[in-house]
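Could you put together the complete structure from these sequences and hints?
In order, the protein sequence lines correspond to chains A and B. Residue numbers for the first sequence, in the numbering used here: 1 to 272. Residue numbers for the second sequence, in the numbering used here: 1 to 254.
Everything labelled a hint here was simulated from the structure, so no lab data went into it. All C-beta atoms in this analysis are idealised placements derived from N, C-alpha and C, irrespective of residue type, glycine included. Keep in mind that a hint or two might mislead.
To give an idea of the interface, some chain B residues facing chain A are shown, with a C-beta separation under 10 Å as derived from the structure [unchecked claim]: (1) TYR54; (2) ARG249; (3) VAL253.
Listed below are the simulated DSS-like cross-link pairs for lysine-lysine, each with C-alpha atoms no more than 25 Å apart in a straight line [unchecked claim]: (4) B/LYS82 / B/LYS160; (5) A/LYS65 / B/LYS160; (6) B/LYS160 / B/LYS48; (7) B/LYS82 / A/LYS65; (8) B/LYS190 / B/LYS48.
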Amino acid sequence: MVAVTSFGPGVYGRLDAQARRAGAVTRRNVAALRSAYWLVLISGFFEPLLYLFSIGIGVGSLIDKLPLSDGRLVDYPVFVAPAMLASSAMAGALSESTFNFFGKMKFMRLYDGVLATPVRPMEVAFGELLWAMARGSLYSAAFLVIMVLMGLTSAGWALLAFPAALLVGFSFGALGMGLSTYMRSWQDFDIMGTVQFALFLFSATFAPLRTYPVAARAVIEVTPLYHAVELVRGITAGALHPVLLLHAAYLVAMTLAGLYVAGRRMGRLLLK
Amino acid sequence: MALTVLETNLTAYRRTWRGSVLSSFVLPILFVLGFGVGVGRFVDLGGKLGPVHYLDYIVPGMLASTIMQVAFGEAAWPIMSKFQWIRVYHGWVAAPLRIVDIVGGELLFTLVRILSTAAVFLGVTTAFGAVHSWWAPAVIPVTGLLGMAVAAPLLAFAGKVEQDGYFPLLMRFVVIPMSLFAEVFFPIAKLAEPLRWLAYVSPLWHAVVLCRACTLPGFGVTAWAAVGHLAYLAVWAGAGFWLALLTYRKRLVS
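Okay, here's the thing in C-alpha cells:
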C-alpha cells in the first residue's frame with residue numbers, strides 16, 4: 001500500500017505534465033489559425049460528399065447490387081459511402097501530418113523553438129496528432145450524419161462507426177508523421193501522393209476485394225486503407241464480425257508504430 | 001515572338017518534366033483502369049448503359065477531365081509565381097516582347113503539355129482496347145481547344161488574385177465538381193434538372209460529349225451539335241484570351 005501511494009502521484013503527475021505539454025502544442029495550432037483557414041476547413045468537408053453523390057449515386061444508378069464481405073447484397077451507395085468516409089479520414093489525417101508537419105519542421109523551423117521549452121519530441125508528435133484529429137473528426141461526424149439522413153446506415157451504427165473513423169484518422173496521422181521524418185524534400189511528397197491515390201483506388205473502395213486478381217488481393221490485404229475501409233464498412237452496413245477486431249488491431253498497431261518512429265526520429269533530427 | 005516565350009518554358013520544363021509524368025500520365029491511366037475495370041464489371045452486369053462497356057464509356061471522359069486538370073496545373077501556380085514569386089515577367093516586358101507574345105507563349109506551352117498528354121493517353125487506352133472508332137485521333141484537337149478554354153481564363157485569374165489560397169478553393173469548388181458531374185462517369189440524364197444546367201455551362205461537359213463521339217460509335221453527335229460544342233469552347237478560350245491580355249497589360253505595362 002505504501003509503495004502504491006508513494007508511486008501513484010509521481011506517475012500520474014508525470015503523465016499529466018506530458019499531456020499538458022502535448023496539449024500546448026495543439027493549442028499553438030489553434031492560436032495560429034487564420035481567417036482564410038475556415039474556408040479551407042469547410043471546403044474539405046465537401047469533397048467526400050461530392051464523390052458520394054457522383055460515384056455513389058450517379059454511377060450507382062448504373063449498378064444493381066453488390067455483395068458485402070459476408071455475402072449480403074446491398075445498393076452501391078451503401079457499399080461506397082463507408083469507403084469514402086475511411087479514405088477521407090485518411091486523406092485529412094495525412095495532409096495535416098505530412099505536408100503541414102513537414103513544413104513546420106523543415107521550413108518554419110517551428111519545433112526548434114518548441115524543443116527549447118520543456119516540451120519533448122514525443123509530446124510534439126502527440127500534440128500534432130491530436131490537432132490533425134480534431135479536424136478529421138469534424139469531417140467524419142458530419143459525413144456520418146449525412147449517411148444517416150440519406151438512409152445509408154442507421155443512427156446506432158453511425159455512433160459506433162464514429163470511433164472507428166477516429167481510429168482510422170489516428171493511425172494514418174501517426175503513419176504520416178513517421179514518414180515525414182524521412183522525407184528529404186517536397187518532391188518526395190509526389191511519391192507519397194501517388195501511393196495514397198493507388199490506395200484510394202484499389203483498397204476495396206469501389207469494388208469488393210474478391211473481384212481483384214488473386215495476386216493483387218494478397219498485396220491489398222497488407223495495405224492499411226483496406227483494413228480501414230473494411231472496418232468502417234462492416235460497422236455502417238451492420239455486418240459485425242470478429243474479423244473487424246483484426247482490422248482494428250492492425251490500425252492500433254500502425255498508430256503506435258508511427259508515433260514511436262516519429263518521436264524517436266524527431267529527437268534525432270532536432271535535438272542535436 | 002510568342003515562340004521565344006514557348007522556348008523559355010520548354011527549357012525550364014526539361015528540368016521538371018519528371019514530376020509531371022506521374023500526375024499527367026500515370027495517375028489518370030491508373031484511375032481509368034482501376035475504376036473502369038473494377039466498377040465496370042458491375043455496371044456491365046447491370047447492362048443499364050446498353051451494349052457499351054463501362055471502361056470504354058469513361059475513357060473519353062477521363063481524357064477530357066485529365067486535360068482540364070493539366071491546363072489548371074499549368075495556368076494557376078506557375079503563372080502566379082511568374083507575377084509574384086520569381087517575378088520573371090517584369091524582366092520579360094523589358095525585352096522586346098509584346099503582351100500578346102507573353103500570353104500567347106504561355107498558352108502555346110500549355111498546348112504542348114496538353115497535346116502530348118492527350119496523345120499518350122489515347123495511345124495507352126487504345127492499346128487496352130478501349131477505343132472503337134477511326135475518328136479517335138480527332139480527340140486531340142478537341143482536347144487542345146478544351147485546354148485553351150480552361151487555361152486562358154485562368155491566366156487572367158492568376159494574374160489578378162493576390163494569393164495562391166484561391167487555387168485550392170477553385171480546385172475544390174469548380175474543377176473537382178466539374179470532373180465528377182460533367183458526364184465523365186455517368187450520363188447526366190440521371191442528374192436533377194438544375195444540376196444538369198451546371199454541367200451544360202461547364203466547358204468540360206462539351207469536350208466530354210465530343211471526345212465520346214470520337215471514340216464510341218454509339219455516342220455520335222450531329223455535325224451541327226459538334227459545331228455548337230466547338231463554338232462554345234472557342235468562346236471560353238477567346239474570352240479568356242482577351243481577359244488575360246487585359247490583366248497582363250494592367251499588371252505589367254504602367
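What hints, given by number in increasing order, does this structure fail?
-> Per hint list: 2, 3, 5, 6, 7 violated.
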